[in-house]
Structure formats: structure tokens, C-alpha cells
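Number of protein chains: 2
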Amino acid sequence: MELDQAAKKKVLRDFTYGLYAVTAAHDGERGVFTANWLSQASFEPPLVMLSVENDSSTLPLIRASGRFAICPLDESQKALAGALGRPKARAGDKYATLDLAVVDTESGVPALADSLGYVVCDVQSESPAGDSVIFIAEVVEARSFSDAPPLEMRQAGFRHAG
Amino acid sequence: MELDQAAKKKVLRDFTYGLYAVTAAHDGERGVFTANWLSQASFEPPLVMLSVENDSSTLPLIRASGRFAICPLDESQKALAGALGRPKARAGDKYATLDLAVVDTESGVPALADSLGYVVCDVQSESPAGDSVIFIAEVVEARSFSDAPPLEMRQAGFRHAG
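These protein sequences, in sequence, are chains B and L. Residues 1 to 162 in the working numbering are what the first sequence lists, from first letter to last. Residues 163 to 324 in the working numbering are what the second sequence lists, from first letter to last.
Looking at chain B on its own, in the form it has when it is part of the complex (with noise of 0.2 Å):
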């Protein structure tokens, strides 16, 4: 049996996903990317499982911390997402390039305050997959800012799937 290339490109681009701001911070560094592969993974406890990249250089500021933060974005603000998606080896450091307005969670995670809101999530587990790692958190810590529809990646025409 082969992979059909094509196909498993096509329908892994039919997969609907979000955009949003995922923050981390330890000892005075912080970190901020553009995510779309996470969802919620159980009600009860609220769970969600997050994937990031191996070279993501928030990886070891949620390793460290053992929590991040993400903030839906909201569907005006797909240039922020273009944005945060850019990886901090060229970017510097995005909180002061992009002078993000950051809101101090009682769990000192930054979330960003132009966003719908966020929540912070407390890492229960963490599982190699492939060139990413995959987290199951918690929910702890919860606030919402905005009423706005959310930024769907589609809509946003932006495409990282398949």
C-alpha cells in the first residue's frame, strides 16, 4: 500500500482549523507563535492537546514553565497572525517588534490583550509526534475579551495542513 501524495494532501487540507496566539514565558524570555493545530481533547477536566514544532523557540519556554497560553484571534486580524507565524531567529523578539499589548495572567503567562481572550493551560503530558510534540494541558486559568467571530485559517487564506 502507498501513500497517495496528492490525496493525503488534499484531504488533510480539508480539515477546518483556527488561528491562534500561542504564548509562553520563563525567567524574564517570552515566546509567541501562530498556531492551528490544537483543539479542545475532553470536557471534563477541559483538556486540550496542542502541537508544536520541534524548533519552535517557545518549545522550551512551555517545557520549562510547563504551561503556555492560547488566545483565539479575531477575524480582522489575519495580518497579526501572518505576523506571529514568523519563526524568531529572523523576527527578534515579536513582543517588542510587533508591540503586542500584553495582559499578566495570574498564571504569569503574557496573553495578548488584542485577542478574544485566552486560556492558560498546565501541561499534564507530552508525546513526541513525528517533527512536532504534541501536549495534553489543563485549563486553569480562562478570560474572555470579545465577542468577535474568530479568524478561520481558510478564510484567512493561509494554509498550513497537508
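Calculated directly from the structure, the hints in this document are not laboratory data. It cannot be assumed that every hint is accurate.
Computed from the model, here is a short list of chain B residues facing chain L with C-beta under 7 Å [to be verified]:
1. 8
2. 44
3. 142
4. 143
Taking lysine-lysine pairs in the DSS-like style, the calculated list, with each CA pair at most 27 Å apart, reads [claimed, not checked]:
5. 171(L) with 78(B)
6. 240(L) with 8(B)
7. 240(L) with 10(B)
8. 78(B) with 170(L)
9. 9(B) with 240(L)
Quick caveat: nothing in here was measured; it's all calculated off a predicted structure. Glycine is no exception: its CB is placed at the ideal position from the N, C-alpha and C atoms.
Model the placement of chain L on the given structure of chain B, informed by the hints.
Using the frame of chain B, we list chain L on its own:
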């Protein structure tokens, strides 16, 4: 720190999902259910992550066979997504009661002919996740049937999150 339940529900409902039929079979028994908690998780190798409720009648079939198929539904299939979401205890064998047209994949998983296509995924690992379990699985077979727009949970008016 106390979790704000209303904010938790609101922000988790700001997550964006598609609607999919997930299928599995073992030893002559077939299962199918509507899923939204899934995502790609790696490009290389192509992996997906899927959350399945502990009380799903398809869960034992996934475990016994070590594989499942994900069939993204198209935007016209809201009624089917609703019907496939009913538990087997009440709906019976949905392949029979809904007269589902099935494609026999090379892997032996029964994929839905009336869908955008399918990816067959071989389970690599399973992690407990509260009321659900998370499978990490590799895409081993794929076929595309249609270029129609995918069914999105928000547009369908479903709300399986929070």
C-alpha cells in the same frame, strides 16, 4: 486561582472546528461517529491527533484494529453530521439505519463514500485525556472524492466544545 467557568466555556467555543465522520472496524463490527476534536499534528511523517470519548462504541474498534479513518464532510452534510453523532445505543448500526455508502479502503477500514475523501490513520500511541483518549496516528492511505467546501462546525450551528 479559580477557573472562571463562563470564560472557559466562551473561549473554548471560540476555537474553530470542522466536522468529520470517523470510522473503524474490527472482526466484522463497524463503527462511525461525528468528530470535531482532531487536527493534523506533524508534516513528516504525516500524523494526526484525535480525541475520542471514553464511552464511544467505536473506541474498542479503534483499539482492536489499531486504525481509523477520518472522512471530512462537505458543507451540505449537516444533517448527516447530526445523525452520525447519535450514540449507537440509541441509533443502532448507523451504517444500516442511515444506509451509508461505504468505500472499502485497502486498509480494510470502511470509509464513507459520501464525504470529501478519507485518510486512513494507523495508531502510534494513545494517551488518557480526562473523559476521552487521544490517539496519535500516521496517515497511511488517502483518497479525495470532492472539491466541495468542507462542513465547518460553527456554520453548521453545532457546539461541541466548552
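These are the hints, each one checked on the structure:
| no. | hint | verdict |
| --- | --- | --- |
| 1 | 8 | 4 Å, holds |
| 2 | 44 | 5 Å, holds |
| 3 | 142 | 4 Å, holds |
| 4 | 143 | 5 Å, holds |
| 5 | 171(L) with 78(B) | 24 Å, holds |
| 6 | 240(L) with 8(B) | 24 Å, holds |
| 7 | 240(L) with 10(B) | 21 Å, holds |
| 8 | 78(B) with 170(L) | 24 Å, holds |
| 9 | 9(B) with 240(L) | 24 Å, holds |
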